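Protein chains in written order, with the working numbering: chain A, 1 to 208; chain B, 1 to 208.
By construction, these hints were calculated from the structure, which means they are not laboratory data.
Bear in mind the structure is a predicted one, so any value in this text is a computation, not a measurement.
Heads up, none of these hints are tricks.
With the C-beta cut set under 7 angstroms, the calculated list includes, among others, these residues of chain A facing chain B:
id, residue
1, Leu-151
2, Met-153
3, Gly-154
4, Arg-157
5, Asn-161
6, Val-165
7, Leu-169
8, Ala-175
9, Ile-176
10, Asp-179
11, Gly-180
12, Ser-187
13, Leu-189
14, Pro-194
15, Leu-201
Cβ coordinates follow ideal geometry from the N, Cα and C atoms, glycine included.
Protein chains: 2
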Amino acid sequence: VTQLRADAQRNLERVLDAAAEVFAERGADVSVDEVARRAGVGHATVFRRFPTKVALVAAVVEQRMRIVADAAEAALELDDAGAALREFAEEATALHAADRCLVEATAFVAGEPGVVEQRERTLDAVGRLVRRAQDEGVLRTDLEPIDVPLLLMGVTRAAANFRAVEPELWRRYLAIVLDGLRPQAASSLPVAAPTLEQIELARHSVAG
Amino acid sequence: VTQLRADAQRNLERVLDAAAEVFAERGADVSVDEVARRAGVGHATVFRRFPTKVALVAAVVEQRMRIVADAAEAALELDDAGAALREFAEEATALHAADRCLVEATAFVAGEPGVVEQRERTLDAVGRLVRRAQDEGVLRTDLEPIDVPLLLMGVTRAAANFRAVEPELWRRYLAIVLDGLRPQAASSLPVAAPTLEQIELARHSVAG
Chain A
1 VTQLRADAQR NLERVLDAAA EVFAERGADV SVDEVARRAG VGHATVFRRF
51 PTKVALVAAV VEQRMRIVAD AAEAALELDD AGAALREFAE EATALHAADR
101 CLVEATAFVA GEPGVVEQRE RTLDAVGRLV RRAQDEGVLR TDLEPIDVPL
151 LLMGVTRAAA NFRAVEPELW RRYLAIVLDG LRPQAASSLP VAAPTLEQIE
201 LARHSVAG
Chain B
1 VTQLRADAQR NLERVLDAAA EVFAERGADV SVDEVARRAG VGHATVFRRF
51 PTKVALVAAV VEQRMRIVAD AAEAALELDD AGAALREFAE EATALHAADR
101 CLVEATAFVA GEPGVVEQRE RTLDAVGRLV RRAQDEGVLR TDLEPIDVPL
151 LLMGVTRAAA NFRAVEPELW RRYLAIVLDG LRPQAASSLP VAAPTLEQIE
201 LARHSVAG
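Extracted from the complex, chain A is given alone in its bound form (with noise of 0.2 angstroms):
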């Protein structure tokens, strides 16, 4: 029975791992017998765990996710609040810039219970992030936690058509992104951040 678990741990672990590869070159829009193929096991093995495509991307996507706000917890670690949040920043942006499934598949497995734990540890940890760097006078005061998953989002589509030619020009706009987010910022910012009634909304009118 051990070695029986551990077989279909491995399995799991392989088809995941298949899954993520996939996605990351081609976006989500590959099938279960792709991924099958890439692991080396059958289809019904991928089947009888992930018994619709959405269960398998929403599995993807909240493994790459929980890599994110773990890097959003551990950032809270750091003793300077400004490194802190572009440790952060760069991490997460790292992540996406590599992978074309976190950004393309999120918005369909977005309602899934396993992504909004992810999403929500990471807000409250990004939450904090801010807070402490604005406490701290090394962050603009008008930015709110929501704007940065939304401007990292922007900084990895600006580089995207980049990605096979020049995997690390992200790096370009987020230092662009980070300047404009000093407390020297020359602006105020002219339109509120996405409260979380728009955020549900938004969420639906994209998946629907």
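Following the hints, position chain B against chain A.
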């Protein structure tokens, strides 16, 4: 004959307007039939003028990109070099933010002659806006002209999920990016801007 020509011209405009509307609402993944219905003309009328969907998408994208190129050249007429760049950035982003077509369709028709022509016009004018603002000390000197459209695309995408619930959200992220472009930048940009060769390579890897 003149009447016929006037009719044909009017039909062409109706088709382009209808196509732009449908693309703006729902992206380029719509059929020629749907565009014909919206324009109130027959399938054959659309098909005669635009024998492939690429031709139709290219015509719409070219029309939109001409507005962007016009905005860049108009901005060059302003006396204040900083205001000129900001003015162009706002107009270009406003157009993209309202219009899924430009962002999603451009990659598919990037090599079409009319599209290439408008892109080159825009990049030429943006190059002059950038150099002028740098010469006058109101723009960080390590910015390259090609960074401008990539940053604006990032701003558009940062706000894209909120298009329906807060169509002006892009203004918030544009303000942050523009603050990051001031000459009082904290960082030197850590990665070079894409070269012409990289831009060509990226175009082909996206289109292919």
